[in-house]
Every structure is written in structure tokens, then in C-alpha cells.
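Participant: Line by line, the protein sequences give chains G and E.
Position 268, counted from 1, in the first sequence is what the numbering used here calls 268; the numbers after and before it change by one each time, with no gaps.
Position 233, counted from 1, in the second sequence is what the numbering used here calls 233; the numbers after and before it change by one each time, with no gaps.
No lab work stands behind these hints, which were simulated from the structure alone.
Do not rely on the hints blindly, as some may be mistaken.
Claimed, not checked - Mimicking SDA-like on lysine to any residue, the simulated pairs with C-alpha atoms at most 20 Å apart in a straight line are: (1) E/K147 to G/H219; (2) E/K147 to G/G39; (3) E/K147 to G/P256; (4) E/K125 to G/H219; (5) E/K147 to G/G305; (6) E/K125 to G/V218; (7) E/K147 to G/R204; (8) E/K119 to G/R298; (9) E/K147 to G/R299; (10) E/K119 to G/P223; (11) E/K119 to G/R299; (12) E/K119 to G/H219; (13) E/K125 to G/R299; (14) E/K119 to G/S38; (15) E/K119 to G/G213; (16) E/K147 to G/L306; (17) E/K119 to G/A252; (18) E/K119 to G/V222; (19) E/K125 to G/H302; (20) E/K147 to G/S38; (21) E/K119 to E/T84; (22) E/K119 to G/L306; (23) E/K147 to G/L301; (24) E/K147 to G/R298; (25) E/K147 to G/R215; (26) E/K147 to G/G216; (27) E/K147 to G/G213; (28) E/K119 to G/L43; (29) E/K119 to G/R215; (30) E/K147 to G/G212; (31) E/K125 to G/G216; (32) E/K147 to G/A42.
For reference, the chains in residue letters:
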Amino acid sequence: MPATDTEDSRRGARHEPPGPGTGAPGGSGPGDSDEMASGLDALESPVSATVATSRRVLAKAAPPLAAVALVLVLWQTAYALSWSASLPSPAAVWGELAGAWSDGTLLPALGHSLLRCLIGFAASAALGVPLGLLLTRVAPLRTVLGPILSAVQSLPAAALVPVAVIALGNSEGAVYAVVLLGAVPSIAVGVTAAVDRIPPLLLRAGRSMGAGGLRGAVHVLVPAALPGFVTALRQGWTFGWRALMTAELITATPLPGIGRMLDAGRQGGELSLVLASVVLILAVGVAVESALFSPVERRVLHSRGLASAAGR
Amino acid sequence: MSTELATPAPAPSVTGAGAGRARPYAVRLDRVSKSFGSSPRARQQVLDGIDLTAAPGEFVCLLGASGCGKSTLLNLVAGLDHPTSGEVRVPHGRPALMFQDHALFPWLSAGRNVELALKLAGVPKSERRGRAEELLRLVRLPDAYGKRVHQLSGGMRQRVALARSLAQGSRVLLMDEPFAALDAITRDLLHEELTRVWRERELTVLFVTHNVREAVRLGQRVVLLSSRPGRVARQWDVDIPYPRRIEDSAVTSLAREITGHLHEEIVRHARH
Chain G
1 MPATDTEDSR
11 RGARHEPPGP
21 GTGAPGGSGP
31 GDSDEMASGL
41 DALESPVSAT
51 VATSRRVLAK
61 AAPPLAAVAL
71 VLVLWQTAYA
81 LSWSASLPSP
91 AAVWGELAGA
101 WSDGTLLPAL
111 GHSLLRCLIG
121 FAASAALGVP
131 LGLLLTRVAP
141 LRTVLGPILS
151 AVQSLPAAAL
161 VPVAVIALGN
171 SEGAVYAVVL
181 LGAVPSIAVG
191 VTAAVDRIPP
201 LLLRAGRSMG
211 AGGLRGAVHV
221 LVPAALPGFV
231 TALRQGWTFG
241 WRALMTAELI
251 TATPLPGIGR
261 MLDAGRQGGE
271 LSLVLASVVL
281 ILAVGVAVES
291 ALFSPVERRV
301 LHSRGLASAA
311 GR
Chain E
1 MSTELATPAP
11 APSVTGAGAG
21 RARPYAVRLD
31 RVSKSFGSSP
41 RARQQVLDGI
51 DLTAAPGEFV
61 CLLGASGCGK
71 STLLNLVAGL
81 DHPTSGEVRV
91 PHGRPALMFQ
101 DHALFPWLSA
111 GRNVELALKL
121 AGVPKSERRG
131 RAEELLRLVR
141 LPDAYGKRVH
151 QLSGGMRQRV
161 ALARSLAQGS
171 RVLLMDEPFA
181 ALDAITRDLL
191 HEELTRVWRE
201 RELTVLFVTH
211 NVREAVRLGQ
221 RVVLLSSRPG
231 RVARQWDVDI
241 PYPRRIEDSA
251 VTSLAREITG
261 HLHEEIVRHA
271 RH
């Protein structure tokens, strides 16, 4: 029974393209054109080379590691030649970090800062993305708000902190206000730019298929602008993280963060503690960048065939 | 079985605008004009009094030099824009539109592109996958379902775009120089594919091109548009039986005649 089954289906499969033989009547060899088509397809399809995973990881990890090593070597050399009297050795800064870890101040400081940045970033994204989209839809709003957002974006966070502290006191609220003012304009401006850069043809194609209004936004506009959205969010994160550090440095909030650590080092004149804080701030930036935004961006670009140069 | 020849309806006579009135039509434009620009001084008339009818199942090629308003005309028929005056009638709903650039969505696979069109046309989810695969088989890309757009060649992309257009379920297909960016060999092949699909599906096709031989190779009727503003300058019934080839002598000689008129249209502008 199964034998006849497969035979039937096979015969069915063989009979499946009735078109070429009968549909295109008396064609000058429809089978010809069929073979031509597949021949051309095979010739014209791009050939993609695959690289072994281990080599890819090595190729990705080697340059940043080399950069870190270079900085350490230069630093150690500068210390050994005592170019600057106050410059601590890398080992001293490492000791500072180890000390902060063992006396239990490092983790809470890191945790407070990360939590604030995460909440601040989430709120900024929740505000900035809709705001940016709204600006692309409502032209008068854009005329009014566009320049203001650009202006606020160029304002250093340090200028905002005194305002926030006087208005809201030495509170979490003041810190979040600074983070939001740092990140929201940047995200909104980025989202607007991303929508502006969608090829008009894709929108036209979408509309001709009946995707207008909300359906158009869901099925065409947002996916088409997604690479730009990722870039906008990434920049929003960077702006937010910088603004947060500034805010923590100046605002005396009840819960100390890395910025507080930096300020303690500054007040005590301990360059090793200051540098330890800087290393931490850098490390968080790099970690979030390479663990979150880079992979997402690479995936988004790669699936669109845009990352052949960058996304190995 | 779909073996019987889908004989398309005979082309309406060239002159008989009044006589054609009673006949069924898939697309009809009555004295359609279109201007852009709001102030009277900056106003630019793109189309001027276009009368055009396509019978159900007819293949009409619109031919013209730059500035004849071809794309504007298709936009009007597609319902993406409205005429300044006159009337556009497409009784069987929204036509499908195909472009010179494939306009496939790069974030979706070939199959998903087709499925999105099916979804927007209201096809229930359970049927979409099967229908999409069937349409890809129709354009002879049975293995393309999971392929990303950038993994396909130019000709394959246009075939997926054709499948996506067909997925919209419309009997009217508008094509805006769809093969202009392809090499000659691929274009030749796609001409054959398009005529096959047109006959199998009994589509009404409005095909815009500036390639005279392509127009004669494909169409049952060739409409020459003048430029700035676009008007119907002349029409030809193409009585050459299918299958045709672009190098057929009948195709070549009619193309030569039409090219002469096209040149006259272009030269007219040099004098002004």
C-alpha cells in the first residue's frame, strides 16, 4: 500500500508542472526555457563563503584584546618611567577594584548605576520611540519640536544637573530627569531620521498592497526602519549612560553609584580610585555595547543583506 | 485541467471609443487629467485627457519617452493617487502593482513576502503557506521560499515580485518598467514567463515601458503616449500570434514603425 502511495505521489509530482508543456502553447521549447531559468538562477545566485566559527570568534575578539593590551603596556611604561608623579600603576588600580569588591561597595555601586540606567533607558525608549514616530506623522509638531529636540540633544548633561537638583532635590527623581533629558531627544531624533530614510518605493509597494495606516506601520514602516531604530536606541543608551554618570557625580543621592565612587576619589585626591571608576564605567559601556547592541544590530543588518562588510 | 488555451478577449478597435462603451472592461480611463502643484503658475499638467480602456484579459503596453506621465498613470489606476479631472474605473478592485525595482521587503524571506500580500488580501493564515509555495512554483522558483531577497538574482527577485503581485488576488496587473533593469537574456526569459502567467491566469495587464520591441513582443495593443503633458498619441493592435520572440521579423518591423512615431514625438519637443 505505501508503495502505490509513493508511486502515486511521485507521478503526481512529475505531472505537477503542466504549464510549460500545455500552458505556453507551442513555445519554442518550453522545457528549454525552464532549464534556461534554472541555469540562469544558478549562475546568478550569489555564492557565500562560510568561515569556521573558531576563526570568526578569534577575528572578532583579537583586535579589542590587542587594544587593551596596548593601553596596559603604555600605562605600565608611563608608570615605570614616572612621567607623572600622581599616576598610579595598573596594579594599584586593580587593587582598588579588588578592595572595593572585597569590602562590598563595588557590587552595590555597580548595581545601583546599572539599574538606574536600565530603568532610565527603558523609560527613554518608551517615550522617545513613539515621540519620534509622531514627529514623522505630524508635520507641524516636527517643525516646532524638531529644533528643540536637536538643541536639547546638544546640551551637556552637566548643564542639566543643577537645574534638576534645584527643582527636584538630591533625589532619584533628579537623576532620572537628567537621564531622560539626555536619552529621549537622541532616541526621538534617531527614530525620525530612520523613518525618513525608508526607501519611498517600499512604502508605495506597501500601500499598493493595501497596507496603509496602522497596518502599513506594523507591516512596512517599522520593519523597514528597524536598522535605524536600533542605531537610535544604541545612541540613546550611550547618551543616557553618560548623563547618568554626570548626574551621579554631582547629585548626592541616597544610593551611591559608580559616579559617587568617582566623586569620592576626586574629593580624596586618590587617582587610583578615580581611574578604577573610569575603568568600571568603560567596562559597562563596552559590555552593553558588545553583548546587547552589536549582536542585535548585526542580526538586523545581516537578515537584510546589509552587513556583508561589517558583520562577519 | 487548465490546458485549454486562455484566449484573451479581442482587443477593442483603436478608434471606437464610443463603440467600446458597452463592452466589459477591466480598466477604463475617461478623459483623465492630472496636474501637480497648487498655485496656478507653478501648476504642471502631467496627463491630459487620457481615454484608455483595457478589456478583461487584455495585455496593453503603454509606451512613451520620459515625461509622458507613465508612472502617474499607473498610480491613478492603482488608486494611490486621484485624477484632477476625469474618471478612473477599475471594477474588480485594487490592481496589483509591480515596479522596475522589485520593491520586495528585505526583512522578509521570498515566501514571507508573498505571504504578507496574501495576508493583506485577507487570505486566512492556514492557507497562506500553501498558496505562497504554489505561487512561487508558478514563477518557477519552487526552492525560493526561505531565501532572503539579497540572496536572489535580479531576475529571480522580479519573479518573486510577480508572485507577490499575483498573491494580491487581483485580475489586473500594473507593471511599471518591471524588466528595465535586467540584462537582455534574463529579460527575454521573463517575457516568456510573463506571457505564460498572463495566459494561465487570464490577467489584464497594463505594462509601461520605453522599450518599443518589448512592447511589441508582449502586448496585444501598444499605446503611444506623448510627453508633457501625456496624451494618447496613437495606438496599434499587435496581430502577431503568440508565442512571439523579440527577434521575430514581424515584431521587429512593427517596432521599427512605432519607433519612428516615438521619435517624432520626441523631436516635437526639441522645437519648442
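Participant: None of the hints should be skipped; say for each whether it holds.
Facilitator: Structure-based check of each hint:
no., hint, result
1, E/K147 to G/H219, "19 Å, holds"
2, E/K147 to G/G39, "17 Å, holds"
3, E/K147 to G/P256, "52 Å, violated"
4, E/K125 to G/H219, "15 Å, holds"
5, E/K147 to G/G305, "11 Å, holds"
6, E/K125 to G/V218, "17 Å, holds"
7, E/K147 to G/R204, "23 Å, violated"
8, E/K119 to G/R298, "29 Å, violated"
9, E/K147 to G/R299, "16 Å, holds"
10, E/K119 to G/P223, "16 Å, holds"
11, E/K119 to G/R299, "25 Å, violated"
12, E/K119 to G/H219, "10 Å, holds"
13, E/K125 to G/R299, "27 Å, violated"
14, E/K119 to G/S38, "29 Å, violated"
15, E/K119 to G/G213, "16 Å, holds"
16, E/K147 to G/L306, "15 Å, holds"
17, E/K119 to G/A252, "56 Å, violated"
18, E/K119 to G/V222, "17 Å, holds"
19, E/K125 to G/H302, "27 Å, violated"
20, E/K147 to G/S38, "15 Å, holds"
21, E/K119 to E/T84, "32 Å, violated"
22, E/K119 to G/L306, "27 Å, violated"
23, E/K147 to G/L301, "15 Å, holds"
24, E/K147 to G/R298, "18 Å, holds"
25, E/K147 to G/R215, "24 Å, violated"
26, E/K147 to G/G216, "23 Å, violated"
27, E/K147 to G/G213, "28 Å, violated"
28, E/K119 to G/L43, "33 Å, violated"
29, E/K119 to G/R215, "11 Å, holds"
30, E/K147 to G/G212, "26 Å, violated"
31, E/K125 to G/G216, "18 Å, holds"
32, E/K147 to G/A42, "13 Å, holds"
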